[in-house]
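**Student:** Residue-level listing of the chains:
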Amino acid sequence: MDLERVVIVGAGQAGGRAAEALRANGFKGEIVLFGEERAEPYERPALSKSVLLGEEPASTTSIHPRDWYAAQKIDLRAHTRVEAIAPVSRSIITAEGERLEYSRLLLCTGSRVRPLPGTPDSLPGVHYLRTLEDSERLAAELRPGRRLVVIGGGFIGLEVASSAVKRGLAVTVVERQGALLERAMPAAMASHIEALHHANGVTLRLNSEVTRIQGARSVESVALADGSAVPADIVVIGIGIIPNTEIAEAAGAASSDGIVVDEFCRTSLEDVYAAGDVTNHYNPILQRKVRLESWQNAQNQAIAAVHNLAGTPRPYAEVPWFWSDQFGVNIQLVGVTEPGLDIVWRGERHTGRCMAFGLLEGRVRFAAAFNAGGEIRFARRLIEARAQLAPERLADPALKLKDLLTEASCSA
Amino acid sequence: LAWHEVAAEDSIGEDEALGVSVGQHQIMLCRNGGKLFALDNVCTHQYALLSDGYVENGCIECPLHQGRFDLKTGAPMGAPVTEPVKVYPLRTDGGKIFVEVDD
Numbered sequence: 268m269d270l271e272r273v274v275i276v277g278a279g280q281a282g283g284r285a286a287e288a289l290r291a292n293g294f295k296g297e298i299v300l301f302g303e304e305r306a307e308p309y310e311r312p313a314l315s316k317s318v319l320l321g322e323e324p325a326s327t328t329s330i331h332p333r334d335w336y337a338a339q340k341i342d343l344r345a346h347t348r349v350e351a352i353a354p355v356s357r358s359i360i361t362a363e364g365e366r367l368e369y370s371r372l373l374l375c376t377g378s379r380v381r382p383l384p385g386t387p388d389s390l391p392g393v394h395y396l397r398t399l400e401d402s403e404r405l406a407a408e409l410r411p412g413r414r415l416v417v418i419g420g421g422f423i424g425l426e427v428a429s430s431a432v433k434r435g436l437a438v439t440v441v442e443r444q445g446a447l448l449e450r451a452m453p454a455a456m457a458s459h460i461e462a463l464h465h466a467n468g469v470t471l472r473l474n475s476e477v478t479r480i481q482g483a484r485s486v487e488s489v490a491l492a493d494g495s496a497v498p499a500d501i502v503v504i505g506i507g508i509i510p511n512t513e514i515a516e517a518a519g520a521a522s523s524d525g526i527v528v529d530e531f532c533r534t535s536l537e538d539v540y541a542a543g544d545v546t547n548h549y550n551p552i553l554q555r556k557v558r559l560e561s562w563q564n565a566q567n568q569a570i571a572a573v574h575n576l577a578g579t580p581r582p583y584a585e586v587p588w589f590w591s592d593q594f595g596v597n598i599q600l601v602g603v604t605e606p607g608l609d610i611v612w613r614g615e616r617h618t619g620r621c622m623a624f625g626l627l628e629g630r631v632r633f634a635a636a637f638n639a640g641g642e643i644r645f646a647r648r649l650i651e652a653r654a655q656l657a658p659e660r661l662a663d664p665a666l667k668l669k670d671l672l673t674e675a676s677c678s679a
Numbered sequence: 007l008a009w010h011e012v013a014a015e016d017s018i019g020e021d022e023a024l025g026v027s028v029g030q031h032q033i034m035l036c037r038n039g040g041k042l043f044a045l046d047n048v049c050t051h052q053y054a055l056l057s058d059g060y061v062e063n064g065c066i067e068c069p070l071h072q073g074r075f076d077l078k079t080g081a082p083m084g085a086p087v088t089e090p091v092k093v094y095p096l097r098t099d100g101g102k103i104f105v106e107v108d109d
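Heads up: the sequence lines are chains A and B, in that order.
For this note's numbering, add 267 to where a residue sits in the first sequence, where the first one is 1.
For this note's numbering, add 6 to where a residue sits in the second sequence, where the first one is 1.
Keep in mind that the hints were calculated from the coordinates and are not lab data.
Here a beta-carbon is modelled for each residue, glycine too, at the ideal position from N, C-alpha and C.
Hints may contain errors.
Straight-line alpha carbon distances no greater than 27 Å define the calculated DSSO-like cross-link-like pairs of lysine-lysine that follow [said to hold, decoys possible]:
1. B:Lys78 - B:Lys41
2. B:Lys102 - A:Lys316
3. A:Lys556 - A:Lys433
4. B:Lys102 - B:Lys41
5. A:Lys667 - B:Lys41
6. B:Lys78 - A:Lys669
7. B:Lys92 - B:Lys41
8. B:Lys102 - B:Lys92
9. B:Lys92 - B:Lys78
Quick list of simulated restraints, FRET-style, between CB atoms [stated by the list, open to error]:
10. B:Met83 - A:Ala337: 23 to 29 Å
11. B:Ser17 - A:Asp524: 33 to 39 Å
12. A:Lys667 - B:Ser17: 16 to 22 Å
13. B:Gly100 - A:Arg660: 41 to 47 Å
14. B:Asp99 - A:Pro324: 40 to 46 Å
15. B:Gly100 - A:Glu628: 54 to 60 Å
Extracted from the complex, chain B is given alone in its bound form (with noise of 0.2 Å):
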């Protein structure tokens, strides 16, 4: 495990998400309610990137299928996701957002 620099703190606006690669991971950025998330990009329903979907009230919405997963946990919120995104720890530091993966 260890941390990587993986965007600018002010590049992500409120209920914005971002694409971002760490190695072979695919991880996505967003805003909500004034706190950072850093999940799995990739939708587990059918292939999708989830930044292309939309950040609302705590979650993500995928741009494919609208299945929607919980910022916090990665967990499905319904039909016709059923399996959870993994969620990355993520910190800021001096303006910059920092998240922990494998590598």
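Chain A on its own, in the form it takes in the complex (with noise of 0.2 Å):
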């Protein structure tokens, strides 16, 4: 059939990079682009870093300027939210009632913040980090001397803990769990960043369990399990996100964690299609399930799925990739963590440039760059290879990666 109109539900970085993807690649017909927020489609990793202490612009994260979407001919339709889709008759319905028919569907509807049970969200000073709005909120109030409790472990809780103290806050962070990253690496890999953020005078609050947000006008404490309270100026919820499945579900697709998708991003309802955080997808490489909240898989899992509904198959496999920098330390993972792994070692953990690598079954399934970005490239490659390496050659920074690459390639 021709497609005449593809609607893409969604203009967060996903939504915009396939957009871009699908002019670039030379389709003719009608592109819809619907987004929830006011903003064109931009890219997240700065909100929590240059961006929330003013050091770039808001608009450096744009992917593309408004009037780039005119001259594409992209119907960019900002601050309009898609209530439903109409498998059978092939549309969507906005909020406002206007049904639109599509040839393709492409569902980049992303996720929100996970809210922490019981907390009114409304008390000032009680803040979320996922859109530029809350990011330009609590950029105004990060100011120096106060004193900012973040609640969650993860990477947007630690990114904005070191922002805070660059401004000079004094910053808690408290986990429930016994090591902070838990999802993103294994505990042993982790504590390298907590040793990070002790020595830049971060009061670690582990195994700690929040059981309330107190305060009358504003927030002026967070109450633990243990009976002990933290005095906060400012809290900063950073505990994960829920994917936003509910109108792909209501109108019938598979969804577990996210909208089930292929590895070419077919979703389980004819002609529909998603990429980016919303998706629980395939990968060929892991050769299992994931949901992934990346920057790389909104561009990358987006540009797979515009050739998939565009008719020209290409499955989306590539090993996952993310990076956070704290405290002028940039950190780069491969691969996603799982129980079990071994971990090696390699470089100097002192001086601030090393990698751990994570074994299983003496084959590399997991790496962990810190300021070491440019061997990445070769952790990826040893993935992607199953490549299986003594764990002392391996740790040993005299071994180049490239090397004992290639010597695990010829080897396989």
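The two chains are supplied separately, each in an independent frame; assemble them into the complex guided by the hints.
**Tutor:** This is how it looks when you write it as structure tokens:
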């Protein structure tokens, strides 16, 4: 059938990159891009870092300026919520009741912050961080000498902690698990980041459950399950996200911790595709299903999806890659952490420039680079090659990863 | 504009990069496909030295966030980089590398 109109729901990074790639691939039909936010598609990584600190203007996060969309004949409908999908009539329905038919539908509905149960988010001083507006509101409150309590020791929380220390605030991070970044890396690797935060004056409260946020007119303290209370002028809650699966589910799409898609980004509904944070997708390299909250996935799964929906199939198969910047240390991760990894350190841990590998049955599955981003490409290739390496050789910084890769590929 | 001697030709092997300074300018020299190139050494995305990155297939890849630049033109080759890096004229003479910069 002719592809006359591609409707994209969600104008975040994934939706924006999808529209861009569709035009770049020569698609001549209509592209309608719906987004709930007021802003044109933008990237979120800087919202907890340079943009939060005012080191870069918010405009630098935009994928393209607003007028680019009109020039590309992409109908960007910002601040417009899509309420429902009607798969039988192949149309979507907006909150205003407008019905629009699609030839192909791409869902890039992303995710929303997970609320802390029992917390009145209307209490002044309590923040979540997801959008540009969230970042701007929080930036206005980050003033030297104030006390910030971050709830959640994940990437968002730790990046906010790093930015706030730079701004001169006193920062406490409260984490219910016994280690930071529990979903992102093994505890043995996270201990490196724990040390980094310690060294920069952050108070870490691990194994600490928050019972409630206290305050009359504005936030005053965070009460913990052990009966103690951490005084606070500002609280930032970063305890994860919830994928926005509702409209897909209501239309009958398979969903399980994300909209279920295959490696061609197809949902269980005909001619309906999905990409980005919202998907639970099969990764052919890892040979399992994953849901990824990352810059790479937002961009590259969206690009793969438009190839597939336009009839030039190509599987989305990349080793997952994440980065974070905290206290001047660039942290890069490749692969997805999993239980039972054997950890091998490479390089001098105390100089700040080092790597850690996670091996399963002797094969490289996961790696973290601390101020060693240039090595990440080789780590990625070691994972792709399912390289089997003697731990002591991997640990030896005198042996180049490039050469170990060649060696492993030849013996594979 | 003036030509400045910045390195010996044999100091840069194939797919290798070297950072040099000329006055205020931080310059990345590299060799790919047998040819030498001179580009601004600072990534246009966030502060990182391209000379710490990787030279491959006509591009330099930034070590920080893996943005790639075309060695001939300095053009960004995809997200996250959107701004080009400056390319400097380069010539070799008597085993030495010279680049042309504003003084």
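**Student:** Could you tell me which of the hints above the structure violates, numbers in ascending order?
**Tutor:** Checked against the structure, the hints that fail are numbers 2, 3, 11, while the rest are satisfied.
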